[in-house]
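S.K.: Residue strings, one per chain:
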Amino acid sequence: MRLHLDNFTKCFDGTPVIEGLNLTVEDGEMLALLGPSGCGKSTTLLSICGIYRADGGRILFGDRDVSALPSQRRNVGVVFQNYALYPHLTVEENIAFPLTVQKKRTDKAEVARQVREIAELIHIEALLSRRPAQLSGGQQQRVALARALVRKPDVLLLDEPLANLDAKLRLEMRSEIRRLQLETGITAILVTHDQVEAMSMCDRVAIMDKGEILQIDSPTEMYRAPANRFVAGFLGNPPITFLDGQTAQEGRFAMAEGLTLPLPAHLRNMPAGRPIALGLRPEHFGHGGAGQASGRVTFVEPQGREMLFDVQAAPGVTLRSIQPTRDDVAIGDEVTWSIDADRMLAFDADGRRL
Amino acid sequence: MTRNFALFPLMVVIILVSLPLMTMYGFLILDTFTDAPPGELWPDEFTLRHWRFLWDMSAAGNVWMATLNTAVLALSMVAVVVPVSSLAGYAISRLNLPYRRFFLAGILVMHAFPAVTLLIGVFFVLKFTGLYNTMIGVILVKGALMLPFGIWIMKGFYDAVPWEIEMAGVQDGASRLTVFWRLIVPQVKPGLVALSVFAFLDGWGEYLLPRVLAPGSEMTVMSVLLNQLIAGDDIGFDFNLFKTVGVFYTLPVIALFVIFQNRLMTIFGGGTKG
Amino acid sequence: MSSFADPTLEGARSSRPSRARRAPVSRLGLILMAPAMLLLTLFFFLPVALTGVFAFTDLSTSTGIGRGDYVVTPNLLRELGDRGMSSADLEAVSRASVTVDAETIERARAAGVDGRFLDDIEGDFLGRSFDAPSDFERDLRRLRTAPRRARDLKSAAALFETSVLNQRFTTSDGLSAKLETLAPEVTPAARAQIVDASYTGARFTTENFERLATQKETARLVANTFLYVGATLSLFNVGLGLFLAVVLFYTPKGMSSLFSTLWLLPRITPVVLYAVMWKWFTWEGGFLPILAEQVGLPSFNYMKGSVVTAWATMITLNGFIGASFGLILFSGALRAIPVQQLWASEVDGASRWQQVRRIILPQMRWPILFVTAYQTLSLLSSYEQIWLTTNGGPGRTTTVWALEAFKTALSNYTGNLEYGMGAAMALVLVVVGLVLSLIYLRLFKFNELVGRPKIEI
Chain G
1 MRLHLDNFTK CFDGTPVIEG LNLTVEDGEM LALLGPSGCG KSTTLLSICG
51 IYRADGGRIL FGDRDVSALP SQRRNVGVVF QNYALYPHLT VEENIAFPLT
101 VQKKRTDKAE VARQVREIAE LIHIEALLSR RPAQLSGGQQ QRVALARALV
151 RKPDVLLLDE PLANLDAKLR LEMRSEIRRL QLETGITAIL VTHDQVEAMS
201 MCDRVAIMDK GEILQIDSPT EMYRAPANRF VAGFLGNPPI TFLDGQTAQE
251 GRFAMAEGLT LPLPAHLRNM PAGRPIALGL RPEHFGHGGA GQASGRVTFV
301 EPQGREMLFD VQAAPGVTLR SIQPTRDDVA IGDEVTWSID ADRMLAFDAD
351 GRRL
Chain F
1 MTRNFALFPL MVVIILVSLP LMTMYGFLIL DTFTDAPPGE LWPDEFTLRH
51 WRFLWDMSAA GNVWMATLNT AVLALSMVAV VVPVSSLAGY AISRLNLPYR
101 RFFLAGILVM HAFPAVTLLI GVFFVLKFTG LYNTMIGVIL VKGALMLPFG
151 IWIMKGFYDA VPWEIEMAGV QDGASRLTVF WRLIVPQVKP GLVALSVFAF
201 LDGWGEYLLP RVLAPGSEMT VMSVLLNQLI AGDDIGFDFN LFKTVGVFYT
251 LPVIALFVIF QNRLMTIFGG GTKG
Chain L
1 MSSFADPTLE GARSSRPSRA RRAPVSRLGL ILMAPAMLLL TLFFFLPVAL
51 TGVFAFTDLS TSTGIGRGDY VVTPNLLREL GDRGMSSADL EAVSRASVTV
101 DAETIERARA AGVDGRFLDD IEGDFLGRSF DAPSDFERDL RRLRTAPRRA
151 RDLKSAAALF ETSVLNQRFT TSDGLSAKLE TLAPEVTPAA RAQIVDASYT
201 GARFTTENFE RLATQKETAR LVANTFLYVG ATLSLFNVGL GLFLAVVLFY
251 TPKGMSSLFS TLWLLPRITP VVLYAVMWKW FTWEGGFLPI LAEQVGLPSF
301 NYMKGSVVTA WATMITLNGF IGASFGLILF SGALRAIPVQ QLWASEVDGA
351 SRWQQVRRII LPQMRWPILF VTAYQTLSLL SSYEQIWLTT NGGPGRTTTV
401 WALEAFKTAL SNYTGNLEYG MGAAMALVLV VVGLVLSLIY LRLFKFNELV
451 GRPKIEI
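Protein chains in written order, with UniProt numbering: chain G, 1 to 354; chain F, 1 to 274; chain L, 1 to 457.
Hints in this document: simulated from the structure, not taken from any laboratory. Take these hints with a grain of salt, some might be off.
[Claimed, not checked] Once the Cα atoms are required to be at most 25 Å apart in a straight line, the calculated DSS-like pairs of lysine-lysine come out as:
{"id": "1", "chain 1": "L", "residue 1": "LYS454", "chain 2": "G", "residue 2": "LYS210"}
{"id": "2", "chain 1": "F", "residue 1": "LYS189", "chain 2": "L", "residue 2": "LYS454"}
{"id": "3", "chain 1": "G", "residue 1": "LYS108", "chain 2": "G", "residue 2": "LYS168"}
{"id": "4", "chain 1": "G", "residue 1": "LYS152", "chain 2": "G", "residue 2": "LYS103"}
None of the values given here were measured: they were computed from a predicted structure.
Build the full structure now, drawing on both the sequences and the hints.
M.R.: As structure tokens, this is what we get:
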């Protein structure tokens with residue numbers, strides 16, 4: 001089902017924290033709300049499911065305006081960060097709970113059948129008689145998913161579902177959740193502050209900051225062409241390096257610290273003296289290209305397959321490069337590496353990409 | 001715990017300080033089945049005659065009836081305090097009450113407020129409502145005076161239940177009442193048990209209210225019976241008998257305390273984090 | 001819970017005019033609160049209000065609770081005479097007259113006077129009045145049906161006497177009308193004064209507070225209360241509690257739980273039994289006096305025999321109950337101190353005393369403050385234990401404010417319970433209690449407790 005937030009506004013104590021937000025999630029799509037903590041992504045999620053009530057605008061499920069409906073009548077499934085399983089009920093009772101509190105009574109056999117069906121889908125048939133305290137984190141996560149899906153909700157909301165798992169389980173559950181979403185074809189929103197999660201699991205990513213959606217795009221497009229400096233800085237690990245300076249003569253860029261670089265091709269015609277910022281991703285330094293920079297290696301961080309180098313190109317200016325592991329460069333060495341100037345990102349003084 | 005220090009001097013000090021209590025409670029038990037010659041501290045004779053009041057009603061009045069009455073009072077306390085506190089505690093902990101801050105502050109102030117000072121006012125209320133001299137009046141008053149404490153304790157227990165449980169319940173389509181009853185109440189069972197035991201003990205030991213608010217009531221409770229025994233001079237002064245009746249009266253308290261000691265500890269601290 | 005970031009942090013935006021809809025009131029919340037509110041209103045708020053109202057009355061056993069009547073008594077007339085009312089008026093009011101009318105005949109019939117006799121009286125004298133009872137008796141004796149015995153006749157005749165004296169009137173108008181018919185010569189002003197003075201019910205007055213402010217006894221009560229609260233609190237509730245907590249902190253687990261249980265006993269022992277134990281401990285023929293005699297010290301009833309020992313007993317027996325409160329709270333606070341801090345100090349070569357003084361005690365400030373605030377309130381108003389043990393004696397030397405208020409209003413031997421005065425004394429405590437508990441509320445960092453409900457539906 002298509003989900004649409006139309007001019008959605010949410011206030012706390014009279015102060016708007018989200019104002020006039022518009023967002024559409026297409027039917028069967030999985031969208032990530034990505035942003036630093038405090039950006040309003042959880043507030044948005046809790047408003048969609050009806051825990052918070054919207055102070056302005058409309059929330060539409062398909063054509064149904066649910067803004068004024070209480071949670072109970074929105075038909076939304078939610079998986080919480082700490083799973084929120086009911087500790088005193090068995091797994092089976094947990095999953096059956098949404099069915100047993102429905103207005104129209106479902107008979108016991110039917111409840112059992114639906115519970116078994118969803119348990120099979122999520123591979124937890126063997127756990128049905130246990131209690132939450134006897135389950136591992138990953139198992140609890142699965143039960144929470146089963147409980148959220150059992151009554152066939154219109155929308156599935158996932159609030160930091162992987163945050164409480166260890167690294168290996170996180171990888172496993174990432175693909176598991178995506179598999180379930182694709183199999184059931186449910187419209188889903190994933191709230192997370194982890195860009196890898198957002199990019200690997202979702203069709204589109206919405207980046208939020210300070211209550212606003214800065215950009216909505218597919219993960220690759222967003223990484224390649226971020227709308228502004230915040231998005232560029234938020235995506236990418238190791239992060240992008242920003243260089244603040246001015247345009248100079250002959251299509252070059254100059255920093256007060258002394259470093260000069262060629263501008264990306266589409267900006268070569270800019271008049272000199274404009275303040276701009278260039279963003280250099282580590283994978284574009286030392287991998288061929290028109291520009292180059294030299295400096296002293298100040299830090300080397302081996303990561304196994306790859307290595308991270310910090311190069312001091314000018315006093316106070318450190319460029320970062322990621323390269324396949326090599327052992328011919330050590331701290332203190334002077335190096336001159338190429339810069340792929342055309343793939344550098346450029347931003348104006350307001351942070352908008354040029 | 002840290003063990004770098006000598007233990008012995010500490011033990012001596014703590015035993016010295018506790019000596020009066022150890023003496024009082026030691027002799028309390030000892031004197032119920034022994035007799036000492038007049039003017040002597042140590043008993044020289046084993047006897048069970050101090051327990052004769054259990055079957056000889058002329059020794060200390062009808063203790064069985066009084067025990068039953070005390071149990072009724074104590075259980076009624078549980079029946080009033082626990083349900084009322086757990087409903088109000090939930091509302092105050094989790095629901096959008098109007099003037100919620102005011103309610104909370106009120107409960108907290110009443111929790112600390114010395115309720116006995118209201119006894120004179122309570123006396124008038126009972127006179128006007130016709131509940132003076134009835135056990136029902138005593139139960140309602142005692143229960144009401146304990147409510148701020150009970151609500152505060154229960155609020156603490158509800159506060160400790162994760163919000164997500166409640167949110168999940170609401171998402172699953174349950175009404176707030178269903179969520180409360182089927183999901184939240186099971187999480188605060190330890191609190192309900194602790195408060196029940198505490199309310200029971202409080203009712204069981206109560207002396208002032210039955211004595212002052214229902215002096216003419218037919219229902220004599222153990223505390224009043226025991227004090228009448230001491231105040232009255234028809235039996236003569238027999239500390240061993242008083243103590244034995246007292247121990248009999250206190251046995252359920254000790255039993256409950258032993259069983260629920262750990263759960264009660266939070267409550268004896270006033271239900272407060274320091 | 002971390003995913004629900006503090007909303008106030010999220011909203012670091014400019015403050016626009018509020019568009020917020022208030023979160024809807026939870027009807028369920030009001031329903032769940034209802035039973036508690038009912039009970040609290042009846043037995044908490046109403047008593048506070050009544051204490052406040054009755055503090056300004058002279059309500060007592062003699063005025064009775066509820067509405068009073070209007071009664072003119074010989075005593076009242078004497079009093080009015082003392083206040084300067086003319087003796088002619090007083091005589092007029094106290095005068096008895098004899099009237100034969102339907103009312104008095106009915107009264108006589110009800111009293112069991114022979115019916116035929118009454119019929120004759122009705123026939124002969126109906127509507128007549130006699131100024132002197134003796135005239136009426138003389139006339140009655142002439143009737144054929146009159147009782148033969150003089151005493152019966154006299155008592156029958158007395159039934160026809162009407163006098164305003166000792167008659168109860170429920171309204172002031174009733175008394176006023178009666179006075180007018182019986183003593184028409186009394187001026188309306190004097191009559192109003194008599195009617196007003198004859199009211200037996202409670203009146204509004206500030207006399208209670210005037211008495212409290214002027215009588216010498218007040219100063220002693222206040223001093224006693226301060227001594228009692230101060231000594232019990234500092235020596236036991238805080239002092240001993242802290243001492244026990246620190247010592248038990250260093251003792252092995254089994255030992256420390258044994259002693260904390262022992263110290264909890266006074267709190268769970270029913271108060272009447274606790275009082276019995278202390279009587280046994282301190283009275284003549286009890287433990288301490290016998291022990292004292294054996295070692296040659298003065299031996300007497302320590303609880304009531306001398307002022308010093310009575311105070312010592314009273315403070316100790318209350319302090320033993322309170323010590324456990326401090327013990328539990330302080331022990332909790334001690335366990336919250338990271339043990340690494342203690343290890344570090346030991347590695348640094350601190351002695352135990354230094355460890356306690358420099359590391360533990362500074363971290364106990366908050367709990368000490370808390371125990372002090374909380375226990376001041378309960379000590380200030382506690383009198384049950386004192387009532388059951390020293391009962392304020394010897395004399396009134398150990399009487400504290402709360403006990404005196406209680407005795408004045410609800411329990412004394414003279415039989416006249418001064419509710420109004422007791423309420424006035426209780427009101428003082430209520431006000432002090434309210435002020436102290438508001439201070440206590442501030443200590444509690446109240447705002448941290450008032451988290452917003454996270455579900456807005």
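S.K.: Indicate, hint by hint, whether the structure satisfies it.
M.R.: Hints versus structure:
Restraint check: the Cα-Cα separation between LYS454(L) and LYS210(G) comes to about 20 Å, which is no more than 25 Å; the hinted pair holds. Note on LYS189(F) and LYS454(L): the hinted pairing holds, with a Cα-Cα distance of about 23 Å set against a maximum of 25 Å. Note on LYS108(G) and LYS168(G): the hinted pairing is violated, with a Cα-Cα distance of about 38 Å set against a maximum of 25 Å. Pair hint LYS152(G) plus LYS103(G) holds up; C-alpha atoms about 15 Å apart against a cutoff of 25 Å.
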